[in-house]
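Q: Chains as they are written, first to last, in this note's numbering: chain A, 1 to 349; chain B, 1001 to 1349; chain C, 2001 to 2349.
Everything labelled a hint here was simulated from the structure, so no lab data went into it. Incorrect hints may appear among the rest.
With a straight-line Cα cutoff of 30 Å, these simulated DSSO-like cross-link-like pairs (lysine-lysine) come out [stated by the list, open to error]:
| # | chain 1 | residue 1 | chain 2 | residue 2 |
| --- | --- | --- | --- | --- |
| 1 | A | K152 | B | K1096 |
| 2 | C | K2038 | A | K345 |
| 3 | B | K1048 | B | K1345 |
| 4 | B | K1149 | C | K2038 |
| 5 | A | K149 | B | K1094 |
| 6 | B | K1048 | B | K1096 |
| 7 | A | K312 | C | K2302 |
| 8 | C | K2332 | C | K2048 |
| 9 | B | K1096 | B | K1078 |
Please read these numbers as outputs of a predicted model, since none were measured by experiment.
One-letter residues, chain by chain:
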Amino acid sequence: MRLTIAQLAQRIGAELVAGPDEAKSYITAVGGVETASKSDVTFVTDEKRVGAVGASLAGAVIVGSLIKDLPKSQLVVKNVDAALIEALAVFAPKLKAPGEGIDPSARVGNDVRIAKGVFIGAGVVIDDGVEIGADSVVKSGCKIGEKSKLGKDCRIDSNVVIGHNCSLGNNVIVQANSTIGSTGFGYSFIDGEHRLIPHNGGVVIEDFVEIGANCCIDRAKFGNTIIGAGTKIDNLVQIAHNVVIGKCCLIAGQVGLAGSCRLGDGVVLAGQVGLADNIRIGDRTMVGAKSGVINNVGPDKKLAMIPAIDVKEALRVVAQLLRLPRTAEQVKQLVKRVEELEAAKNNKG
Amino acid sequence: MRLTIAQLAQRIGAELVAGPDEAKSYITAVGGVETASKSDVTFVTDEKRVGAVGASLAGAVIVGSLIKDLPKSQLVVKNVDAALIEALAVFAPKLKAPGEGIDPSARVGNDVRIAKGVFIGAGVVIDDGVEIGADSVVKSGCKIGEKSKLGKDCRIDSNVVIGHNCSLGNNVIVQANSTIGSTGFGYSFIDGEHRLIPHNGGVVIEDFVEIGANCCIDRAKFGNTIIGAGTKIDNLVQIAHNVVIGKCCLIAGQVGLAGSCRLGDGVVLAGQVGLADNIRIGDRTMVGAKSGVINNVGPDKKLAMIPAIDVKEALRVVAQLLRLPRTAEQVKQLVKRVEELEAAKNNKG
Amino acid sequence: MRLTIAQLAQRIGAELVAGPDEAKSYITAVGGVETASKSDVTFVTDEKRVGAVGASLAGAVIVGSLIKDLPKSQLVVKNVDAALIEALAVFAPKLKAPGEGIDPSARVGNDVRIAKGVFIGAGVVIDDGVEIGADSVVKSGCKIGEKSKLGKDCRIDSNVVIGHNCSLGNNVIVQANSTIGSTGFGYSFIDGEHRLIPHNGGVVIEDFVEIGANCCIDRAKFGNTIIGAGTKIDNLVQIAHNVVIGKCCLIAGQVGLAGSCRLGDGVVLAGQVGLADNIRIGDRTMVGAKSGVINNVGPDKKLAMIPAIDVKEALRVVAQLLRLPRTAEQVKQLVKRVEELEAAKNNKG
């Protein structure tokens, strides 16, 4: 795929600021500011990066407002993020479409309903009573358990395992090697042994949810573990039984949510965060990386630290933590000085 | 599945306290106190929840002792946890039994011994010399390496990979996408490169061990990595080479045990805990979530924090940590006040 | 496999110090100092362990220098680590070689180039345009995406999923259930929804890289995510889009690197470490377990803690943290004592 700079400007709805000769140069890819070559278009989303663009070899740059005195073709757009997504889509590698049909090595059970346009890859096992909506793709090596449902336009990457009674909406993506509907970690200690609490519930994953690779989402003990519409989940994330996640949340890599946690809408959990069981987090609250949340928290908060507290207070605590050796030395000196003052007082007294 | 409340009481061995009409109402599922409907039975394990039960729509409630003035059918049992497990088992979704036999797409090597009642799913690869005990289930896409042994009544979920020379006892469950018998992370830096230390050992998993989804258990360099009988392991857990875990331990999600750690019996590690290599932990010791254990610890301890210390001391440390900005401000003021006192003393002196 | 102690000494290039009868005893395995039996050879890499060797039942011991008065056959070598690797290789379990050929259940696309000596296991799916170098092994259940390339002598364990446009060098090992080339976690919030940023880039894994089980390495948004030659990665590691890792790094279990991090050569990250996005770490720098790195760091540093700071300073901080309850009590007492001094001063004044 190649487009002239002028053609690209038209494709992404940009105002082009370039000389007539430059506008005819070809662009074949999107590149980073530092790594782009003449045939790449790059972009500036951060004002601090404007300086670096001058040194970039990129043939053109997508900007939110015209950069003065920049001897480079500029594609001026209202929303750089949106234009970047457009440009990346234009230059995306052309991959073979998965096509339609069921690989003959797949095992399809009884009472399975597969809509038109669906692709079922090699070695896939689909148990009885499963329903798969139109144009969904289930790649090689997947397992879909009894009575589970997939909506339309889903993409289930290779070797994903979905247990029984799980329900995925439309346009759901599950990346490779993830496990949906595993039995949760719930045991009662009875007569000297840990007895598994049966997990009668399922998992409900709503429309436009995207789940990374090697994630685990446990089924509920009763009711459902629920992932709200539009929520995006990174790789290696653990979501325990009966967790309920709201809409449009972002859950970064290696986060762990213990049983029965409830997140509102638009919650953001950064990498390696952990939530204790039964924690409630309000809408739009953000939790910084590696934090450990052990108390419920309302909406529109920002938290950090183990245990997680308000981020501003956390910054104060950490600042004082890092200078704690000096503070402790001050205290030690103060003790001496106060002793001397006390001794002087007593001598006088 | 539906039972009248009276039938359910009989099934779970409960004393029924209900009016004769109520006793004939049908129950079809177990539900949470807040989410249950008329056709659900709910339960109270925590005295603090007694109040919430009054507002529950549940048709009946399993209790440890009669709740006074509760206008709801009560099933009074000695052990609510045990009765809940019974009730959940009664109403568990009825799934197709895996049946017996070897899917024709499976690859079974030479000298493999497969007992009666075993199910081997589609695409499973079983290498030479493997033994599988009666009534075990190996679901689709699994790989079982050379000379590995599974006992009776095991359940190996889809896409689990078990390497060579691994030994699983009876009634072992391994959930989907887990890897047993991976080569551990052991390198010697020799002549300018990291050279892998061969891992000649295996993995021994004893009876009634349950392993979650997407876990990794490395084989030993020599001898065996051992998981003791009755131990339960959650999802995404990393167990390194030569680790030895005792009986009836609980290892929560995303825990990591570095090489050659040894846990006693009944040890509990909460979510995202990490142990440094060669750590010893005594019987029944519990380690709080996100802790980092860098020192050996005896039996019957409770630890928390990074680095992990006694939980009571950890609570004191964290309490002071959170008020550290105020303490630091006090120190700053003290320095001023002591300087003034010293100045006054010197002026007088 | 069994060798006399004399034969073993010859095989690993050791000077043998043993009586003539002892030298004829057979050794069949390598064992740990505490667990070895008469037919095992053990080893001492740590001077502190010399004492324990006296009590070992091992038939022989590999040592770096002769241990005086030890009534046991000694194999004296220059480099115990290297000799241990040799000895483990001698006694490694003999496994069936994977052989050459493509399992008939594998799906091989168009324009695929498979060199001689390659083994492709059951249920493997190889998309169009893939190239696989000589003597590489792709075990059962793997998926290799469009136009990806594997070099010579690679070993891809069962159920690994490699996406399109990924490039693996020679002698690369990827252990079971890992995912290479997943789409990264990059979203722009546009018009009220999180829109995925297309990931046009690939993954480049250089020669002699070894990747553990259940790892995730995301493809780049543009350009490539790169793992430098000789780098070794443990299990359950998350490597986000556009990360660039240098040569001969060691990345321990459950580490997470956020987007666009850059590691120099020889960097060591211990277990459960997390790096914020865009972090730069210089050559040979080591980061202690569970640390959270939020600032760039130069070469040859040692870091620890959340947030990660110089390890020596971190030790001081943690030491003071642990005694913080006592320090806080001292401050409380100081406040009282200063108040008394002030009162006394004022009374006199």
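Q: Now look at each hint and say whether the structure bears it out.
A: We went through each hint and held it up to the structure:
1. For a cut-off of 30 Å, the pair hint linking K152 (chain A) to K1096 (chain B) stands: about 26 Å separates their Cα positions.
2. Between K2038 (chain C) and K345 (chain A), the direct Cα distance comes to roughly 75 Å. Violation of the 30 Å bound is thereby established for this hinted pair.
3. Note on K1048 (chain B) and K1345 (chain B): the hinted pairing is violated, with a Cα-Cα distance of about 60 Å set against a maximum of 30 Å.
4. For a cut-off of 30 Å, the pair hint linking K1149 (chain B) to K2038 (chain C) stands: about 27 Å separates their Cα positions.
5. Of the supplied pair hints, the one linking K149 (chain A) and K1094 (chain B) holds, its CA atoms being roughly 17 Å apart against a limit of 30 Å.
6. Distance check on the hinted pair: K1048 (chain B) and K1096 (chain B) sit about 39 Å apart at the alpha-carbon level, beyond 30 Å; violated.
7. A hinted pair counts as satisfied when its Cα atoms are at most 30 Å apart, and K312 (chain A) with K2302 (chain C) qualifies at roughly 28 Å.
8. Of the pairs offered as hints, the one joining K2332 (chain C) and K2048 (chain C) is violated, with about 45 Å between alpha carbons and a cut-off of 30 Å exceeded.
9. About 33 Å separates the Cα atoms of K1096 (chain B) and K1078 (chain B), which puts this hinted pair outside 30 Å; it is violated.
Consistency with the previously given hints fails for numbers 2, 3, 6, 8 and 9, ordered from lowest to highest.
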